[in-house]
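Asker: Below, each chain spelled out in residue letters.
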Amino acid sequence: MLEIKNVVTGYGKVQILNGINLSVSEGQVIALLGGNGTGKSTLLKAISGLLPVWEGSIEFIGEEIQNQKPNVIVKNGLTQVTQGKDMYPAMTVEENLKIGAYTRNDKGEVAEDMKKVFDYFPVLGERRSQLAATLSGGEVQMLVIGRGLMSRPKLMMLDEPSSALAPKVVLEIFNIINRINKIEGITLLLVEQNVRMALLLAEYGYIIRDGVIHLEGKSDDLINDDNVRLAYLGGTVADSDSAIA
Amino acid sequence: MELLLDFVIVGLSIGIVYGLVALGISLIYSGLDIVHFAHGEVYMIGAFIGIAVVKINGIPYFGALVIAMIITGIVGVFIERVFYRRLTRGGGGYTVAGMGMIICGFGMSVALQNVAYLIWGASPHPYPVNFGMPIFMGNIALPKPYLYILITAIILMVVLHTFLTRSKLGLAVRAVAYNKDTSYLMGINVPFMISLIFGVACAMACVAGVLIGPINYVQVEMGYLMLLKAFAAAVVGGFGSLPGALLGGILVGVFETLCAGYLSASHKDIYAFLLLIFVLMIRPTGILGILVKIKA
Numbered sequence: 088m089l090e091i092k093n094v095v096t097g098y099g100k101v102q103i104l105n106g107i108n109l110s111v112s113e114g115q116v117i118a119l120l121g122g123n124g125t126g127k128s129t130l131l132k133a134i135s136g137l138l139p140v141w142e143g144s145i146e147f148i149g150e151e152i153q154n155q156k157p158n159v160i161v162k163n164g165l166t167q168v169t170q171g172k173d174m175y176p177a178m179t180v181e182e183n184l185k186i187g188a189y190t191r192n193d194k195g196e197v198a199e200d201m202k203k204v205f206d207y208f209p210v211l212g213e214r215r216s217q218l219a220a221t222l223s224g225g226e227v228q229m230l231v232i233g234r235g236l237m238s239r240p241k242l243m244m245l246d247e248p249s250s251a252l253a254p255k256v257v258l259e260i261f262n263i264i265n266r267i268n269k270i271e272g273i274t275l276l277l278v279e280q281n282v283r284m285a286l287l288l289a290e291y292g293y294i295i296r297d298g299v300i301h302l303e304g305k306s307d308d309l310i311n312d313d314n315v316r317l318a319y320l321g322g323t324v325a326d327s328d329s330a331i332a
Numbered sequence: 239m240e241l242l243l244d245f246v247i248v249g250l251s252i253g254i255v256y257g258l259v260a261l262g263i264s265l266i267y268s269g270l271d272i273v274h275f276a277h278g279e280v281y282m283i284g285a286f287i288g289i290a291v292v293k294i295n296g297i298p299y300f301g302a303l304v305i306a307m308i309i310t311g312i313v314g315v316f317i318e319r320v321f322y323r324r325l326t327r328g329g330g331g332y333t334v335a336g337m338g339m340i341i342c343g344f345g346m347s348v349a350l351q352n353v354a355y356l357i358w359g360a361s362p363h364p365y366p367v368n369f370g371m372p373i374f375m376g377n378i379a380l381p382k383p384y385l386y387i388l389i390t391a392i393i394l395m396v397v398l399h400t401f402l403t404r405s406k407l408g409l410a411v412r413a414v415a416y417n418k419d420t421s422y423l424m425g426i427n428v429p430f431m432i433s434l435i436f437g438v439a440c441a442m443a444c445v446a447g448v449l450i451g452p453i454n455y456v457q458v459e460m461g462y463l464m465l466l467k468a469f470a471a472a473v474v475g476g477f478g479s480l481p482g483a484l485l486g487g488i489l490v491g492v493f494e495t496l497c498a499g500y501l502s503a504s505h506k507d508i509y510a511f512l513l514l515i516f517v518l519m520i521r522p523t524g525i526l527g528i529l530v531k532i533k534a
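First to last, the sequence lines map onto chains X and C. For any residue, its number in the working numbering is found by taking its place in the first sequence, counting from 1, and adding 87. For any residue, its number in the working numbering is found by taking its place in the second sequence, counting from 1, and adding 238.
These are computed hints drawn from the structure, not numbers from a lab. Note that this is a predicted model, so its numbers are computed, not measured. Glycine included, every Cβ here is placed at the ideal spot set by N, Cα and C. Nothing false has been slipped in among the hints.
With a straight-line Cα cutoff of 27 Å, these simulated DSS-like cross-link-like pairs (lysine-lysine) come out:
{"no.": "1", "chain 1": "C", "residue 1": "LYS406", "chain 2": "X", "residue 2": "LYS241"}
{"no.": "2", "chain 1": "C", "residue 1": "LYS406", "chain 2": "X", "residue 2": "LYS172"}
{"no.": "3", "chain 1": "X", "residue 1": "LYS202", "chain 2": "C", "residue 2": "LYS406"}
{"no.": "4", "chain 1": "C", "residue 1": "LYS406", "chain 2": "X", "residue 2": "LYS203"}
{"no.": "5", "chain 1": "X", "residue 1": "LYS162", "chain 2": "X", "residue 2": "LYS194"}
{"no.": "6", "chain 1": "X", "residue 1": "LYS269", "chain 2": "X", "residue 2": "LYS194"}
{"no.": "7", "chain 1": "C", "residue 1": "LYS406", "chain 2": "X", "residue 2": "LYS194"}
{"no.": "8", "chain 1": "X", "residue 1": "LYS156", "chain 2": "C", "residue 2": "LYS406"}
{"no.": "9", "chain 1": "C", "residue 1": "LYS382", "chain 2": "C", "residue 2": "LYS293"}
{"no.": "10", "chain 1": "X", "residue 1": "LYS92", "chain 2": "X", "residue 2": "LYS305"}
{"no.": "11", "chain 1": "X", "residue 1": "LYS162", "chain 2": "X", "residue 2": "LYS269"}
{"no.": "12", "chain 1": "C", "residue 1": "LYS506", "chain 2": "C", "residue 2": "LYS382"}
{"no.": "13", "chain 1": "C", "residue 1": "LYS406", "chain 2": "X", "residue 2": "LYS162"}
{"no.": "14", "chain 1": "X", "residue 1": "LYS241", "chain 2": "X", "residue 2": "LYS203"}
{"no.": "15", "chain 1": "X", "residue 1": "LYS172", "chain 2": "X", "residue 2": "LYS156"}
Covered stretches of chain X, going by a simulated chain C footprint (3 or more residues, C-beta under 8 Å):
{"no.": "16", "region": "152-162"}
{"no.": "17", "region": "165-173"}
{"no.": "18", "region": "185-195"}
Per label pair, the in silico range of CB-to-CB distance:
{"no.": "19", "chain 1": "C", "residue 1": "ARG323", "chain 2": "X", "residue 2": "GLU271", "range": "36 to 42 Å"}
{"no.": "20", "chain 1": "C", "residue 1": "PHE430", "chain 2": "X", "residue 2": "ASP313", "range": "49 to 55 Å"}
{"no.": "21", "chain 1": "X", "residue 1": "TYR98", "chain 2": "C", "residue 2": "ASN454", "range": "49 to 55 Å"}
{"no.": "22", "chain 1": "C", "residue 1": "MET375", "chain 2": "X", "residue 2": "THR221", "range": "43 to 49 Å"}
From just these sequences and the hints, can you work out the full model?
Answerer: Here's what the structure looks like:
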């Protein structure tokens with residue numbers, strides 16, 4: 088569904104990505120892992136069209152999308168869910184969700200999808216006419232995921248949905264992300280620093296380092312890989328194995 | 239007492255005109271992250287375009303107002319696309335590129351003034367419309383243009399408010415004003431929205447110009463003082479806030495007219511800035527001042 092081949096890009100003249108290869112098939116959950124400053128968000132920006140791609144190609148459903156405008160890419164069904172802080176604080180919850188459906192013109196179905204979002208996140212339904220600025224950190228994260236759903240994506244890229252949240256809330260959000268993948272059939276590219284959680288959810292993982300894919304493999308293999316354990320996990324994996332059903 | 243009422247009504251009308259220009263400045267500030275120093279000249283050009291349209295036989299004053307609005311809006315979009323786009327692409331606001339934008343705004347102001355001078359000359363132009371007798375309210379004779387300003391402003395405010403809060407496009411305008419990258423990811427065509435915002439802001443300035451034309455003469459240098467007073471209005475109301483811009487304009491207008499009436503008319507232009515200083519001393523963010531990041 089998404090084929091990334093040898094992508095090179097950066098900011099201004101500073102090269103950040105040095106040839107990334109990555110592929111996502113329909114229905115999968117793929118984890119993209121790595122520490123701070125390794126190029127995770129840069130790759131997302133390049134896929135979304137916010138950053139020009141210098142070299143290489145990005146193919147989405149058989150069509151090359153590198154260097155297309157972001158609004159065109161969203162319309163084609165590739166939506167990026169940014170980190171929670173990127174909601175619109177001066178708008179209500181409902182308005183935030185409406186903005187998510189900006190590319191769609193089918194009013195009736197948009198309303199239905201909004202109901203669906205409120206089913207996944209009941210707390211958003213309770214606060215639908217409240218300003219987004221009044222939401223808690225977890226609720227804001229739910230809001231941006233819901234906003235992403237409103238565009239009816241075929242593939243949704245989630246940028247660190249667990250950042251700066253309490254462990255309990257992280258668990259809740261990952262549960263819902265899992266359901267979104269299973270029930271809605273939306274393919275997910277999950278960018279995370281919370282390596283353990285991401286690998287529990289994903290089938291396949293990529294670990295990015297210094298702008299290249301450093302390691303890749305099935306989640307089970309990665310979890311049991313000694314290098315990964317040492318570098319990213321620490322502690323045992325068994326405790327949280329049963330956390331996501 | 240009647241004199242006071244007269245002053246207040248006149249001040250209110252003049253203030254709304256300041257408010258309309260301030261509204262444009264605030265819109266551009268929140269949408270493009272730049273302070274537009276050529277907005278006074280857009281107001282002047284708008285007034286001249288209004289005269290040109292009014293002179294065409296068979297077009298009534300309010301029809302001319304709408305046509306002039308559209309033409310000035312298109313001129314604004316042209317200015318933004320051709321001259322400002324390259325600079326704002328590098329980021330506006332407090333960055334170095336934003337500094338370049340300020341210089342560019344001053345340059346545009348000089349350029350527009352000289353273009354207008356070439357076309358229309360330096361002499362003041364009267365508005366070629368006849369509104370007939372003033373309206374009498376008791377002993378007050380109120381010339382009709384003042385009343386038209388009030389009516390037009392109310393209609394315009396309702397339309398703009400409905401547009402921003404009820405329509406999908408208006409929602410997108412507010413989204414772009416808050417965060418351009420995020421809005422791009424929502425599928426909003428951000429460059430188009432920026433042009434739209436700039437065009438609407440210029441159309442607002444044009445309305446101000448066409449409305450004040452019948453009261454004052456229209457001349458090439460009228461933009462300079464208007465810009466300063468509109469800035470005072472925008473800052474008094476709270477920079478970046480749209481209701482604040484209008485409120486600030488009204489306060490400046492009424493304050494100015496009252497002081498000119500009761501204190502000294504020859505120092506008329508000082509009072510706007512006196513009010514500005516008072517407000518900044520008491521409330522540095524302006525009356526409806528808001529957190530920097532929650533704009534529009």
